[in-house]
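S.K.: Take a look at the letters that make up each chain.
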Amino acid sequence: MTALLAYTIFGLVTGGAYAVVAGGLVLTYSTSKVFNVGHGAIGMVMAFLYWELAENRGLPQWLALLIVVGGCAPVFGLLVERFVMRRLAGAPVGVTLVAGVGILVGLIGAAQVIWPPAARPVRPFLDRYGVHIGQSFVSGHDLVTLACAIAVAAGLYLLLNRTRTGLAMRACVDAPELAALYGIRPHRLSALSWAIGSALAALGGILLTPVVQLDYVTMTLLVITAYTAALVGRLRSLPWTFAGALVLGLVQSYAVAYLPSSQFWISFRAAIPALLLFLVLLALPQSPLRIGGVRGSRGVAVPSAGLTALGAAGLLAVVLVLALLVDNTVAGQLALALVFGIVLLSMVLLTGYGGVVSLGQFTFVGVGAVTVARLGTASPWALLLGALVSGAVGALVALPALRVRGLYLALATLGFAQLMDKLVLQSPIAFGVRGSLQVPRLVSSAQAQLLLAAVMFALVGAGVLAVRRGRLGRRLIAVKDSPAACATLGVNVRWIRVGVFALSAAIAGLAGGLFAQLRETVAASDFQLFNNLPLLLFAVIAGVTSVTGALVGGVLLMMLPVLQSGFPALAGVAVVLLGVAAAGLARDPNGLVSWIFRAWRPA
Amino acid sequence: MSTLLVDGVTVRFGEVIAVDDVTFSVGTGVTGLIGPNGAGKTTLFDVVSGLRRPSSGRVLLDGHDVTAKGPHQRSRLGVARTFQRLEVFGSLTVWENVVVALESRRRPARLADDLLDRVGIGEFAGRQADAVPTGAARLLELARALATDPQLLLLDEPSSGLDRQETDAFGALLRELTAEGRAVVLVEHDMDLVMGYCDHVHVLNLGRLLASGTPDEIRAHDGVREAYLG
Numbered sequence: 001m002t003a004l005l006a007y008t009i010f011g012l013v014t015g016g017a018y019a020v021v022a023g024g025l026v027l028t029y030s031t032s033k034v035f036n037v038g039h040g041a042i043g044m045v046m047a048f049l050y051w052e053l054a055e056n057r058g059l060p061q062w063l064a065l066l067i068v069v070g071g072c073a074p075v076f077g078l079l080v081e082r083f084v085m086r087r088l089a090g091a092p093v094g095v096t097l098v099a100g101v102g103i104l105v106g107l108i109g110a111a112q113v114i115w116p117p118a119a120r121p122v123r124p125f126l127d128r129y130g131v132h133i134g135q136s137f138v139s140g141h142d143l144v145t146l147a148c149a150i151a152v153a154a155g156l157y158l159l160l161n162r163t164r165t166g167l168a169m170r171a172c173v174d175a176p177e178l179a180a181l182y183g184i185r186p187h188r189l190s191a192l193s194w195a196i197g198s199a200l201a202a203l204g205g206i207l208l209t210p211v212v213q214l215d216y217v218t219m220t221l222l223v224i225t226a227y228t229a230a231l232v233g234r235l236r237s238l239p240w241t242f243a244g245a246l247v248l249g250l251v252q253s254y255a256v257a258y259l260p261s262s263q264f265w266i267s268f269r270a271a272i273p274a275l276l277l278f279l280v281l282l283a284l285p286q287s288p289l290r291i292g293g294v295r296g297s298r299g300v301a302v303p304s305a306g307l308t309a310l311g312a313a314g315l316l317a318v319v320l321v322l323a324l325l326v327d328n329t330v331a332g333q334l335a336l337a338l339v340f341g342i343v344l345l346s347m348v349l350l351t352g353y354g355g356v357v358s359l360g361q362f363t364f365v366g367v368g369a370v371t372v373a374r375l376g377t378a379s380p381w382a383l384l385l386g387a388l389v390s391g392a393v394g395a396l397v398a399l400p401a402l403r404v405r406g407l408y409l410a411l412a413t414l415g416f417a418q419l420m421d422k423l424v425l426q427s428p429i430a431f432g433v434r435g436s437l438q439v440p441r442l443v444s445s446a447q448a449q450l451l452l453a454a455v456m457f458a459l460v461g462a463g464v465l466a467v468r469r470g471r472l473g474r475r476l477i478a479v480k481d482s483p484a485a486c487a488t489l490g491v492n493v494r495w496i497r498v499g500v501f502a503l504s505a506a507i508a509g510l511a512g513g514l515f516a517q518l519r520e521t522v523a524a525s526d527f528q529l530f531n532n533l534p535l536l537l538f539a540v541i542a543g544v545t546s547v548t549g550a551l552v553g554g555v556l557l558m559m560l561p562v563l564q565s566g567f568p569a570l571a572g573v574a575v576v577l578l579g580v581a582a583a584g585l586a587r588d589p590n591g592l593v594s595w596i597f598r599a600w601r602p603a
Numbered sequence: 001m002s003t004l005l006v007d008g009v010t011v012r013f014g015e016v017i018a019v020d021d022v023t024f025s026v027g028t029g030v031t032g033l034i035g036p037n038g039a040g041k042t043t044l045f046d047v048v049s050g051l052r053r054p055s056s057g058r059v060l061l062d063g064h065d066v067t068a069k070g071p072h073q074r075s076r077l078g079v080a081r082t083f084q085r086l087e088v089f090g091s092l093t094v095w096e097n098v099v100v101a102l103e104s105r106r107r108p109a110r111l112a113d114d115l116l117d118r119v120g121i122g123e124f125a126g127r128q129a130d131a132v133p134t135g136a137a138r139l140l141e142l143a144r145a146l147a148t149d150p151q152l153l154l155l156d157e158p159s160s161g162l163d164r165q166e167t168d169a170f171g172a173l174l175r176e177l178t179a180e181g182r183a184v185v186l187v188e189h190d191m192d193l194v195m196g197y198c199d200h201v202h203v204l205n206l207g208r209l210l211a212s213g214t215p216d217e218i219r220a221h222d223g224v225r226e227a228y229l230g
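Chains A and B are the protein sequences, given in the same order.
Anchor point for the first sequence: position 88 equals 88 in the working numbering, and the numbering is continuous, going up by one each time.
Anchor point for the second sequence: position 116 equals 116 in the working numbering, and the numbering is continuous, going up by one each time.
Same shape as in the complex, but just chain B (with noise of 0.2 Å):
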């Protein structure tokens, strides 16, 4: 079953078309989004997250057209994001960035210590969000959105500050989180992390969607290696 379909969805900024006339659909386990800078990535998950309404086409949620609902009525539906340009509540602590996002779906305050433990920046909990490295910023983006138990995940370039090491314990978290069932969606341009965990992957350039397949089938596709890959 489809947990989330996008469909022929087209957004304009005035003259410029930044997502051109694009379908795909998203299952459970891990989906990689590329495409070099511009191509579209991030509109099409403000447009997916709500923040955005699609000059034209459709976005389903297991089936049910959501186009026309808000980005919080989205999340009470089971979907949550994070932010390229991180969105942290800078002037709050980590603690209460997450306990934010649990108190929004009535959830207890006492689960923030585990997320954070669980994405590894427990040690962070009392600062003020504002004054964390990066890093551990895009991390604490992670746990709140955890926090709020959704189904689809959105995930915006979140290696981008993340060491080696990191990285890697992101990853084993990314198994995780599938193996509880929940769909991820991962814009990254670290191509180790894309294909060595995403069970299928969509390329986007310049609005369009080039081509889609298993990483494996991407790797090998002309097209992405010429206007991607290289």
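If we strip away everything but chain A, and leave its shape as in the complex, we get (with noise of 0.2 Å):
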């Protein structure tokens, strides 16, 4: 009994903090309609401010706490909604996410720069005070963290409810054209819900450090449970969302003290709020399919099939020269870039054509990379059987996450990859007990490998513009496009979705085998969840569109680690810039090859 309230309390106290983190969510998106996926990076980088300013430059808590909750987070907030994303107004859920996920990726490069992996301790708040409620004592810090919860629940309610800023903001989520014509400058109000989001992310984050520490991924990752205490209000309602936020504590607090303590269940307890992002997914109704209103995007051009043929043989041709003339390692870096381009190829389906953002690619490419490793053998079987297995995979996950559409598909995949990640890349059922695993070769020489990658390449990417020119490519273009006028036309959508899905599934487990059998060694590390980010940014920086962006963004993908071991001061600002030049180019879909292209072909 006396176990029971002490967990009530701690997982009471957790919620409190994550449904401040959550209603920042909620206000930000529910007042500019744009899901902010750096939310919790925003918490993250704020949090080590907080460090930096009481622990390090000795500053009074409190005073430490007003600079960066009152000061800093809330101008972060102004400057991202007036630089990145009011550029991106009235643009695809898809164009916002990417940008979103530009600022994560290089919020967490500059915290990698600014405060390199060392211990930080950080003192809890009133930490010689604390009261007694039977035999469970309550701290100092959990008392503020329930009367912070408290104050923002009623601060935001009062807002919203009581004064003219927040009856506006509630007019701008209805109609925004028509609430600018009564006066209302959308523009301050989305910036002003910039700025108290930035700030709720700040305050969550620093409130959760006792219990989360200060670690670049662990905070940022915050935005998957914050994400899911919104959606239980359907990313709109505060009450529902602060609900949510308390019941994921509750949950997660009596999953410490009633589950088992083996390695399985510690990392079940890691993926609880992944796990309940999906139950509550699946109890969302149906979205109904969006009715008005021309699409259409240009692509870069489709070549032919001769043209096809011909880029084929030429990259070949190129491959060849160079494995003559590049030593064992570049040819392995090569080797590695062809298959990252395989990687991308299967976004080029699957994003590019069909227009659904995944956060959680890389994570097929482990399932692929794990089914060879566990067969022990890189035959062409086994590298078949891996994209087989991860085609399946994706089948399983596409069928509840495609229910619903753009950005709460898209959030899917990563509770997805979350899920994957703790339960099953990490743990002994995939890489065994010592967390990794021997491949043997196909071909044994890097030149062959790297040949073997370069055909490979080819194929996949021939078959890709085949599907592009042929009946499920108009298909897969069709259904992005108007998804209702497919319908009626007699187009099973949801199949078509959940077969372009599995295929792309299938196509990054094909080129998880090949980076399993090139590599001989692969570990849970390799495909943790934080990688998919920078593939979805490389993808959309080089060109989600096109055969020929995949293969630049392959090579990109290639030289970050490379850049970052043979400049290590370099490290976290390539990753700065990477954020940075995908939040800017998150526009324009065809990437930066789409340059070359009318370079080519002034047209």
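Honestly, the hints are just simulated from the structure, not real lab data.
Treat the numbers as computed from the prediction; the structure is a model and nothing was measured.
Heads up, a few of these hints could be off.
Now the stretches of chain B that chain A is said to cover, found in silico as 3 or more residues with beta-carbon under 8 Å [what the hints assert, rightly or not]: (1) 79-86; (2) 188-196; (3) 211-224.
Some residues of chain A that are not near chain B, with every Cβ distance over 12 Å (derived) [stated by the list, open to error]: (4) Asn56; (5) Val113; (6) Asp327; (7) Ile429; (8) Ala523; (9) Val555.
Simulated restraints, written as ranges between beta carbons of each label pair [said to hold, decoys possible]: (10) Ala169/B / Arg162/A: 58 to 64 Å; (11) Gln165/B / Leu396/A: 54 to 60 Å; (12) Ala180/A / Gly38/B: 19 to 25 Å.
We treat Cβ as the ideally placed atom computed from N, Cα and C, and that holds for glycine.
Hints in hand, dock the two standalone chains.
M.R.: Here it is as structure tokens:
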């Protein structure tokens, strides 16, 4: 009984901090219609900043808190709104998502540069105080957290329901153009909501530091927890969001108390937010097909079958020459670039043609790699099986996830990536008790690997282009432009979506098998959730609508770690630049390569 | 025999009742569905084509209850529609738009050119669909719907964006389509078109069925004049 009370209190405290973070997310989303994937990352950086001021510089805690939550965070929110999000007004969900991921990755890079990895203890608030409830002790920090949660709930309620600003904010959600006619300035309100949202992310992050520790990725992924809570309120209702956050906190706390403490269950706990995310998604009503308005996008020109064959032959010829010229190390790196290129080809199909943004594509690479590694052979059959398993997992995820679209779907894929990361890839089921597996190579020399990767890239690339030219490709693009019209023409929109998701996962899985046998040793750390994000950014920067873009993206993706190990000082800067570039380029999905195409074919 | 029966259909959006217990049937020939803006015409099309589930009531096609069937299943039963707010596939060419529809019904792609010529927009075949004039885009939606060889064709304001000459050509096409035995339902504000080509007219106002009858009966109906015709 005593234990139950203690864990309930602990759960409510954690849930209260989640509620603060989630409340900020909902406020920003409902006023500016942009879902801030970088919300957790803002909280993370601000928590680091708080550490810098309160622990490293010795400022009083209250002053540091005031400076960060009252000053730095809102200003940062304003800057993001002004210079990134406002320029993306009215852009499709995929574009704002990519910009958000860009901010996220950039912030992590910045944090790693400014605060290199080290242990950074943060003193709790009011650590000399506390009260006893029965036999349970509630610390001063817990009380502060609960007080903050209540204050934020009350403050947001009053803001939205009792002030003119709040009324205007709610009006903007429903009809920004109409609100503007009544003299409301949507930009100003959106800026305000970003300032408050960032402040709440900062406050929540700082309150949670004693629980989750100062860590780049863990705190960044708080966005999944906050999102799950926000989803309970359908991303709009603050009361439901707060309720969702409290339930999440309680479930996690009880999980710590009452689940066995074996390795599996410990990782299971970490996966709880993602699991709940899927449960909430299943409970949501199927989103209706959007109706209204012509949508079209200008992709890069699709090459004919002849031109494709010519391109493939050209690629193979270049690679053949390179294989003769370069040493083993470089040959291995180029092979890796081509394997990454195949992963990006899977995104050309899914994101470029199908318009579905996935934040979990690298996880499918992991599934393919594990399959091949577990088979202990890299025969063509093993590679094929890796692709099939990955495709099957893709179909399985797609069935619940594709009931929703756009934003919900992309975040569901992020949840899936976390689930797989915690429950499968990091557990002994995948890479055994040692956490890594040996894979024999299909061909031994680095040069042969390079040729193998080039042949596979050429085959998959030609396949993707054949799909685009054919019936399936037309249908995919039709579903992207107008799912409603497709459905009324007899196309089963859901199966097309599930099918392309599975096909794309299978291509990623094939790349995973190639990756495993190229590396010879694969481990869970190769397929961490976080690897998904640079993948998406490089895809967008290089161009997610063309095979050439996939090739360029693959090379860039290979160069990132090379650059990072060669010039450690530049590592973080490179990541920041990556984020900035993606946030800037998000509007043009044809990416850098479209500039090349334009230069070649002035039209 | 009745092709379509809308039986006691009600659609609520939260507190608002968009369609309120509407019952009517549609046989072969051209049926007009008219009424002021917000009367619930497009919502009824959404219900009949399967894009929206009614809050209550049933939709029957040739006597079979299809209320639970999805839009693609109804397409296979012979229902096709166009949209008031255009829903062409903007990234594809005009020709490809029609081919997508043909392929979904396993009909040969070579029929696409005939269909485009039939509605009179053959010259736009190679253009990207988000770059053609509104009138042509409306006709493209018609060609695309015809590509599924429908028995019941729902046309949502097909003449808006068409000039007089194009409208006349469209009227002639309507006659051809009904001569082929298809049932056409026309949501339309162009009263010349409605009164000139419809065999039967249903009038909706504020979600309710206000009147049904031949064009002459509707023209003489006091309530309709008051609510809509003015």
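S.K.: Hint by hint, note whether the structure agrees.
M.R.: Comparing the hints with the structure gives:
no.	hint	in the structure
1	79-86	holds (count 6)
2	188-196	violated (count 0)
3	211-224	violated (count 0)
4	Asn56	holds, 53 Å
5	Val113	holds, 41 Å
6	Asp327	holds, 44 Å
7	Ile429	holds, 38 Å
8	Ala523	holds, 41 Å
9	Val555	holds, 28 Å
10	Ala169/B / Arg162/A: 58 to 64 Å	holds, 60 Å
11	Gln165/B / Leu396/A: 54 to 60 Å	holds, 55 Å
12	Ala180/A / Gly38/B: 19 to 25 Å	holds, 23 Å
The structure shown violates the earlier hints numbered 2, 3.
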